[in-house]
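Model the placement of chain B on the given structure of chain E, informed by the hints.
Taken in sequence, the protein lines are chains E and B.
No gaps in the numbering here: position 77 of the first sequence is 72 in my numbering, and each next residue is one more.
No gaps in the numbering here: position 179 of the second sequence is 197 in my numbering, and each next residue is one more.
Think of the hints as simulated: they come from the structure by calculation, not from any bench.
All values derive from a computational prediction rather than experimental measurement.
A few of these clues could be false.
Coverage of chain B stretches by chain E, computed from C-beta distances (three or more under 8 angstroms per stretch; other residues unrestricted) [to be verified]: (1) 102 to 113; (2) 123 to 130.
Label-pair ranges, simulated between beta-carbon atoms [what the hints assert, rightly or not]: (3) B/Ser74 with E/Leu179: 52 to 58 angstroms; (4) B/Gln32 with E/Leu169: 28 to 34 angstroms; (5) B/Arg134 with E/Val279: 39 to 45 angstroms; (6) B/Asp155 with E/Arg(-3): 47 to 53 angstroms.
Heads up, the beta-carbon is just placed ideally off N, CA and C, and yes, glycines get one too.
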Amino acid sequence: MRHSVREAVSSLRRNATMAVAVVVTMWVSLSLFGASLLTFQQVQLLKGTWYDKVEVSVFLCTPDTNGTMCTKGEGATDAQRAQIKAALEANPLVATVYYENKDQAWAEFQASHQGWSIVSSLGPDQMQDSFRVKLVDPRDYDKVVAQAAGLPGVQNALNLHTVFDPLFRALTALQWGAFGLAVLLLVAAVLQIGNTIRLSAYARRREIGIMRLVGASSGYITLPFLWEALVEAVLGAALAAGTLAAGVYFLIIQRAQVSIQSLAWIGWHETRQAMLAVAIVGIVLAVVPTFIATRRYLRV
Amino acid sequence: MITYDDVTKVYPGQSRPALRHVSLNIDAGEFVFLVGASGSGKSTCLRLVMREYKPSQGRVIVDGRDVGRMRQWRVPALRRQLGVVFQDFRLLNNRTVFENVAFAMQVVGRPASAIRSTVPEVLELVGLAKRADRLPDELSGGEQQRVGIARAIVNRPMILLADEPTGNLDPETSVGIMRLLDRINKRDTTVVMATHDAGVVDQMRRRVVEIVDGQIVRDQAKGVYGTQ
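One chain only, chain E, in its complex shape (with noise of 0.2 angstroms):
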């Protein structure tokens, strides 16, 4: 053991300047990795439960809210409620209607906004009963938006893909460039710490054959090279950590949760796990490549 770290520090010493290429290119893909799983929680997050299974969400009157179907300073009526859902059920352009009660988006709204101050000021009475309307061909949305409109008891109809499918094919199109960039240079992050290996074992082919011819097990001979290129994964994984919270911090929780409060933004729960993403793929990245390269290049 002592003998094997020995022998990496040496060899990282040896090799400084390909060392810090492998960790730089590692900082950066694993960095560009992270941010695509972060852009892919905040499209979830911000499409809640309801939005990739129905097309049109009805809102309904409460005490606080006005609209031209509402009574002032009365909700929805059990009746109304009920006119409401047999209405719809009705339409034939209708395929399934599924009811949210307030206590159920209250639910969501704590599960979507963890630790955010928010959640303290806010309770059930402001979240707002709704029916949320799956569609036979969702490009009828405009006809059923305009029928749930004018029926007594809706404060609001919307088809939310109207207003949120430019943002989310924008941020799907970010995920997967920073997804495919991440990948390349993943990609030549393995390739150079393979021909960091190479370069090691041949400036080390003398002990490497002494060792051979003595009977030290390959695991012993593995050793070194698996610390060394441990040590550049553990570097790169950490500084892309690190940046990754860097932007969360100062683009997220700063500036997109302060401005825009009313929406669902990712936070340190999803920076956590994507951290954790990445030094798992950081690490597996290291030590697959070097299995592969000594057994190349280490044959007993």
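Frame of chain E, contents of chain B only:
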């Protein structure tokens, strides 16, 4: 201890076999010279025992185990039972004599206490006790070969394989090295030495196996280098 059973070895990309139908038995504790011209197949015989190569045909049995069919992960255990000495010494020039010998113990995981007690003993045996702190470059050729031998025997192998160990040394120095190998042989280590140094073979009067073009042409107890 070592048995070659109808062994043929053809190196990849070559049509002429390096060894052809070689059968040979070497008992524990023997001292055997493999003699012959360069390229006759002496070194190949040694390398098959170390499992640097596998035989193309036939079997090489070392201490009861078929080396050619041995699993890769068992090879290190085989090599721990062998000591190997080369013509070019193969020392690590940035390490002292002591460290060169200790290296062979470190890399097979022997404890530091064993290294501290065993290495001086072995250096004493090869006559280098006073040179322990020197670097290889500060030693004569004969002394460097003694370091190589010390490294080969420090893990107490059953078999010592020597490939032209006196090839780079003057006759006087060679005599000293041969005395050392003889002493190691008397400690129950089987010694197989490939050489074309007629002087040392004639002086030692041990078993001589002569190889010509990959075939054994002579196997003589207490032999000499050339056919008489």
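Outcome of the hint check:
{"no.": "1", "hint": "102 to 113", "verdict": "holds (count 3)"}
{"no.": "2", "hint": "123 to 130", "verdict": "holds (count 4)"}
{"no.": "3", "hint": "B/Ser74 with E/Leu179: 52 to 58 angstroms", "verdict": "45 angstroms, violated"}
{"no.": "4", "hint": "B/Gln32 with E/Leu169: 28 to 34 angstroms", "verdict": "59 angstroms, violated"}
{"no.": "5", "hint": "B/Arg134 with E/Val279: 39 to 45 angstroms", "verdict": "41 angstroms, holds"}
{"no.": "6", "hint": "B/Asp155 with E/Arg(-3): 47 to 53 angstroms", "verdict": "27 angstroms, violated"}
The structure fails hints 3, 4 and 6 (numbered hints given earlier, in ascending order).
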